[in-house]
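Participant: Residue numbers (our numbering): 7 to 99.
Read the hints as simulated data drawn from the structure, not as lab findings. Take the hints with a grain of salt, since some may be wrong.
[What the hints assert, rightly or not] Pairs of lysine-lysine residues, derived as DSS-like cross-links and limited to a Cα-Cα distance of at most 27 Å, are as follows:
hint : residue 1 : residue 2
1    : Lys36     : Lys67
2    : Lys61     : Lys77
3    : Lys85     : Lys60
4    : Lys77     : Lys89
5    : Lys85     : Lys61
6    : Lys48     : Lys94
[Unchecked claim] Pair ranges (Cβ atoms, derived):
hint : residue 1 : residue 2 : range
7    : Ser49     : Lys89     : 20 to 26 Å
8    : Gly30     : Ala95     : 43 to 49 Å
9    : Lys85     : Gly32     : 31 to 37 Å
For clarity, every value in this text was computed on a predicted model and none was experimentally measured. Note that CB positions come from ideal geometry on N, CA and C, so glycine has one too.
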Amino acid sequence: MATKIRKAKANGKAKAAGNLCLCGCGSPTKSRFAIGHDAKLKSRLINEAIGGSKKAEAEIKSLGWVAFLEKSRGSRDRKQAAKAAADKAKSAA
Numbered sequence: 007m008a009t010k011i012r013k014a015k016a017n018g019k020a021k022a023a024g025n026l027c028l029c030g031c032g033s034p035t036k037s038r039f040a041i042g043h044d045a046k047l048k049s050r051l052i053n054e055a056i057g058g059s060k061k062a063e064a065e066i067k068s069l070g071w072v073a074f075l076e077k078s079r080g081s082r083d084r085k086q087a088a089k090a091a092a093d094k095a096k097s098a099a
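Starting from the given sequences, assemble the full structure and let the hints guide the process.
Facilitator: Laid out in structure tokens, this is it:
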């Protein structure tokens with residue numbers, strides 16, 4: 007859950023300024039993330055999950071980004087298969 011922050015007004019009364027960015031940078035924002043920070047967090051979490059981090063995979067699930075993780079895994083698998091085929095063809099030649 008995002009942490010609420012307050013910003014002082016000129017008359018001394020507090021006004022809700024929004025939330026803190028969920029990526030962990032601490033930037034104030036009116037939504038869940040500062041501009042572009044969702045992509046940075048998504049990329050970092052996907053790389054960590056592909057590397058085997060169960061914590062990163064759980065966070066991806068909680069943020070609703072499972073489809074992005076599966077797409078990245080499929081892309082990685084296709085690249086590895088293509089590289090293996092190219093290496094096999096190269097060694098056979």
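Participant: State for each hint whether it applies.
Facilitator: Each hint tested on the structure:
A hinted pair counts as satisfied when its Cα atoms are at most 27 Å apart, and Lys36 with Lys67 qualifies at roughly 23 Å. Our distance criterion of 27 Å between C-alpha atoms is met by Lys61 and Lys77, whose separation comes to about 19 Å. Between Lys85 and Lys60 the alpha-carbon distance is near 23 Å, which keeps this suggested pair within the 27 Å criterion. A threshold of 27 Å between alpha carbons decides the hint, and for Lys77 with Lys89 the separation of about 18 Å falls inside it, so the pair holds.
Proximity of Lys85 to Lys61 is assessed by CA-CA distance (about 25 Å); at most 27 Å being required, the pair is judged to hold. Distance hint between Lys48 and Lys94 is unfulfilled; the C-alpha atoms sit about 34 Å from each other, more than 27 Å. For the pair Ser49 and Lys89, the supplied restraint of 20 to 26 Å holds, since their beta-carbon distance comes to about 22 Å. Checked against the hint of 43 to 49 Å, the pair Gly30 and Ala95 passes, with Cβ atoms roughly 45 Å apart.
Taking the beta carbon of each, Lys85 and Gly32 are about 35 Å apart, inside 31 to 37 Å as hinted.
Checked against the numbered hints given earlier, the structure breaks only hint 6 and satisfies all the rest.
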